Structure formats: structure tokens, C-alpha cells
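Trainee: The residues making up each chain are set out below.
2 protein chains.
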Amino acid sequence: MSKLVIGIDIGGTNTRLGIVNEDGEILNESSFSTSAYDEIDDYRKALQDHAAQLIKYADDRGIGKIAGIGIGAPNGNYYNGSIEDAPNLRWKGTLPLAKNMEDHFNITCRLTNDANAAALGEMLFGSAKDYKDFIVITLGTGLGSGIVVGGQMVYGHDGFAGEVGHSTAVYGGRQCACGRKGCLETYASATGIKRTVAELLANSIEPSSLRKIPFNALDARVIFEEAQKGDSIAMQAFEFTGDMLGRALANAVVYTSPEAIILMGGLAEAGKLILDPTKKSMEENVLNLYRGKVKLSVSSLKAHNTALLGAAAIVWQEPAS
Amino acid sequence: MSKLVIGIDIGGTNTRLGIVNEDGEILNESSFSTSAYDEIDDYRKALQDHAAQLIKYADDRGIGKIAGIGIGAPNGNYYNGSIEDAPNLRWKGTLPLAKNMEDHFNITCRLTNDANAAALGEMLFGSAKDYKDFIVITLGTGLGSGIVVGGQMVYGHDGFAGEVGHSTAVYGGRQCACGRKGCLETYASATGIKRTVAELLANSIEPSSLRKIPFNALDARVIFEEAQKGDSIAMQAFEFTGDMLGRALANAVVYTSPEAIILMGGLAEAGKLILDPTKKSMEENVLNLYRGKVKLSVSSLKAHNTALLGAAAIVWQEPAS
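Sequence lines, in order, name chains A and B. Each residue of the first sequence is one higher than the one before, counting from 11 in my numbering. Each residue of the second sequence is one higher than the one before, counting from 11 in my numbering.
Keep in mind that the hints were calculated from the coordinates and are not lab data. In this text, all values refer to a predicted model and were calculated from it rather than measured experimentally. All the pointers check out, no bait thrown in.
A pair counts as met if it fits within one copy or between any two copies, since identical chains are not told apart.
Below are the DSS-like pairs computed for lysine-lysine, each with C-alpha atoms no more than 25 Å apart in a straight line:
| hint | residue 1 | residue 2 |
| --- | --- | --- |
| 1 | Lys305 | Lys191 |
| 2 | Lys303 | Lys191 |
| 3 | Lys303 | Lys102 |
| 4 | Lys139 | Lys13 |
| 5 | Lys142 | Lys305 |
Start from the sequences and build out the full structure, keeping to the hints where you can.
Mentor: Here is the structure:
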């Protein structure tokens, strides 16, 4: 009988759960709105109900035993299984979610941050199967990163390794939700490219269909579609974003000398439009020792599955420290 | 009988060898000029002669068996035991030194870069004894770094992890020996502070005893001594250097979330003069998650011993991948 895990991907908008087998197949899944819950207790109850239904599904059909629960969440800390001060979730403070789930189901539960989960998903089931040293960069609302060294996820001393989105790209630059200025994610993320479009619209007098769209309605997909139609502002926004990301990646490789960097998330779905300028900029800016050596690619997994699969994978995976 | 290792610290100027025991004591040592040898074969022969003398010393006195040879060298690659294109050494190309020594002495020989050796020295015998996640920064002619994650040295995919000195600190900034511009080590190193003094002398009209010293005669020690005497230019140079280094360290911690960062090398010998502005700048620039958590200190080991001890230690230490 196959060993199954429930993977849970907690996002600011939606929560997805799935029964995952060791081949990375999702046998059954469900989802619900994260943001519909103002109170952590109500959310936790909804999460437990959904997990219970999946456990029952596996039981009823005799498809395998649920060996554990793995959760990927914003600001998730692997060491203590808690979500800590996540700016994208409604509940503040420290939420010991892994312990809550373990107590409730009497089953092993592990939790890590969403980008680490994505990196594990890539390593076990995706583009990083053959890599022992690589970095996954998630380009969503923010910029998340999961760093793998020697086949082991890097959690660091306090479980918060990989906050590459909050390395400073421009001193005195754009205001960041973290309270600082010029963080990489204010430039290189789905939100960052929106801000870049606004800046380009301000600085140039070129006509652009993006001038008709309110800032709040802009997203990576709209900008991507306009760029594909040849809108100059949209194309420049991708160029600029790739340039900023490439510079940052050139700096990132000096730490762990990865074999590959894998981009994923909303902005990465633009494919070559983001990949090409990023690669160009990374190669131009990187130390010659690394030039031409780091494989840069877009994830081959469906973005919305990677974190779920990776969350399941943390139950099977032990950390570097 | 104690298990002994010969540690070898190859620098651009001098090569030092020592018999090291498992407590990190140097039982006997010798040294010779690296730069006196124009030909790699002559240098290799000198190195072998010195090592042979130490082996004989251990034999004659019956103090223990030499279990291996560990070498720390600029641009040393752990994986293949070679020195590759080291800008500070006279010989170009790839030198398979570990293999040469193994073949000659029929004894295990490991080689890594000098900053990695220093980090291992700190971990086994110095300030980092209690740390599993830390970074050593060497502030010499350049800026070297050794990164430890979960108690394991990070070598990366190709053995060149930790080139933090060649992360870009200022785009379009100072020319670097690597051929690029604005590398961190052009600001934060013994050479960097020299360049900063020259810049300050150019930009200000303040009197300074440093105006009497030719650029080539300036070094970290002279600047340190003048700063201690209250020379304003020298003091500003330390402030600026610390500011640049602190910014870079604030960015460095997001990758591996270290418990501690240990500074060593010529510039670190200035103690509080470099430590205080670096710490201030790091704390000001770092993401709140890490603020107040990363211990910044100056190595407690004698700088010129750390790399030798660490070089010996690589024989006892296995890599992360």
C-alpha cells in the first residue's frame, strides 16, 4: 500500500490541500478561501475539516495510509512549525500550526515557508531532480527563495534562510512592505513590475494601452499580454525587471555557487519575456568564475502545484541542520 | 599516539606549514617565500621539501603519525584539489596540487580556498566552536568568505561558493582586479580602505598625516594607527568601510540566516574601529526578522594561524555535498 502525505499550500488568498503519493501525483484535492477567515481559530477549524475529508477519502477507498501532513505557508518556520508575523495573512503573531495539526490528527506534521516548499517540490518532482545545489525564486506578490545546498534545504540558524526578496537592490529605493527601502522584491516580483510600469508611464510620453488601466487592476498577466502585443512600455517593464533580477542573481550565486536557478510564480509564467533579460543581466554582472555555468530556467511544474507537492515533500525530507 | 596533520597556508607572499594536532596546537612549523618562485615546479619542490622536513620531525620524535596534509590556497577548489587561476599567485592555469602531494608522499591530501580554511579553523578551534551556521569574512588584500550551513562547509556545485568579495556593492563603482566594477572587495578590504583614504583625500581639504604617505605605502595598519591618533580622514575611512561592509552583510544574512559573522584578516585587526560602524550599518540595513540576532565579532584566533589550522582541519572534515 502506497505511503501518502497531505500537502497543504497556504496562500494569502487561497488554501489548497491535496493527497500526494511518493511519485508526486495528486490523488485528490480541495481548496478554500484563506482570506474569508478573520479569526485564526475559524481558519484552523476549516483547515482541519478539509484535511479530515481527505484523510477519510484515502481511508474509504483504501488507496494508502496518510503518513503525515506537510504545510507550506508565508513566513513558515521549519524549526518550530509556526507561521510568524506573515504580512500577507490576516492573523498576527506566532501561529503554532504544525503542533495544532499534530495534536488534532495525531499524525506527523511539518511546516516550512512557501518558497522552501516550492524548492522541495522542484527537487523531488520537477526541474531540479538532478541538482544538489540550486535556488528556486518565486516571483509572486513578493519574491521568495528556497536555497538547496548539497541536496539539503537551507533553513539557517533560526529557520528564516532565503529571504532574498529582502536583500537591498537599490539603497533609498522603492518603499517595501517590510518597512525598509529598495528591497529586491519591490522591483522583481509581480508587484514590482506593476510599479515599474507606473514609473515608465510617468517618465515617458510614449502611448501605451497600459495608460488606460488603473494601477490596482494591473498585474503580471495584463503586462505580459500587452508586451506580447508589442506595447513598448510593457516590453520595457519586462526588460527592466529582468535587468534588476539578473543583477541580484549575479550576486546570489557567490554565496552557494548553485548549478541552477529556477524561476516560478506569476511573473515567471511570462517565460522568455522575463527569462531572456534576466539571463542577459545575470551573465553580464556575474564574476567570471561563474559565467556561463549557472542554468537559469522557468519551472516545468504547474506553479500552483509546486508548493503543494513541496509541502508534502517536507514530510519525507530532513533539513541540513 | 596522537593523530597529526600537516596544515599548509599558501598566501601570495608567504607559505606557512605546521604540524597540527587534534586540539589545534601547532607542534612545529616552517615557512618560506611563495613569491620567490617564478616556476610552479620549483615552488612545488620547495613545498615538498618543507613538508618532508616536518614529517621527519614528527617521525624522529615519535610524537604521532601524520594522517594527512591539508592546504588552504587562494582560488583553491575542494572538489578537484586544484588551485585555479589565482590572481595573487604567479602561476596561471589549473594546478592539481593535492594530487601532486598525494602522489609524492602517498598520504591523503585535501585542498580548499583560504577563506574556507579560515572558516574551518574558526569552527574547530576558534570563535565558531558553538556555531552550526556562520560566515567567516577575511579582510585582507581582497575579501574572502567561508560559509558554514548546518555544521558543513558550503562548497557549492563547482567548489567556488563564498566569493562574497565579488558581489557587486556599487554598480559602475571601483575597478576590481577581476575585471568588473564595484565589487565589495574594492571597498571592504585592506586594499579597499586604502582606496577610500585616497578618495577622501581627494574630496576634502582637511589636513591629514595620510597626505604625506604615498598610496603604495598605505596599508590597513598605517590607517589604523592614524585613526587611533585621531586623524579625521583615517577615522572617516573606517566609518565608510564599515558602512559598506555592514550593508553587504545585511544582504548576506538573507541567504543562509547565520547565527554569527566573524571578521578576520589585516583590516579586522583594527577591532572596534571596523567592528562598530560595520555592526551599526548591518543592523540599520537588515530585514527586521534578523535584526539584533546575528552576532558580529572579530576572530579570537591569531589571524596568521587560523588558515593554517583550518587547512589542517579539512582533512578531518567532510563537505556538505
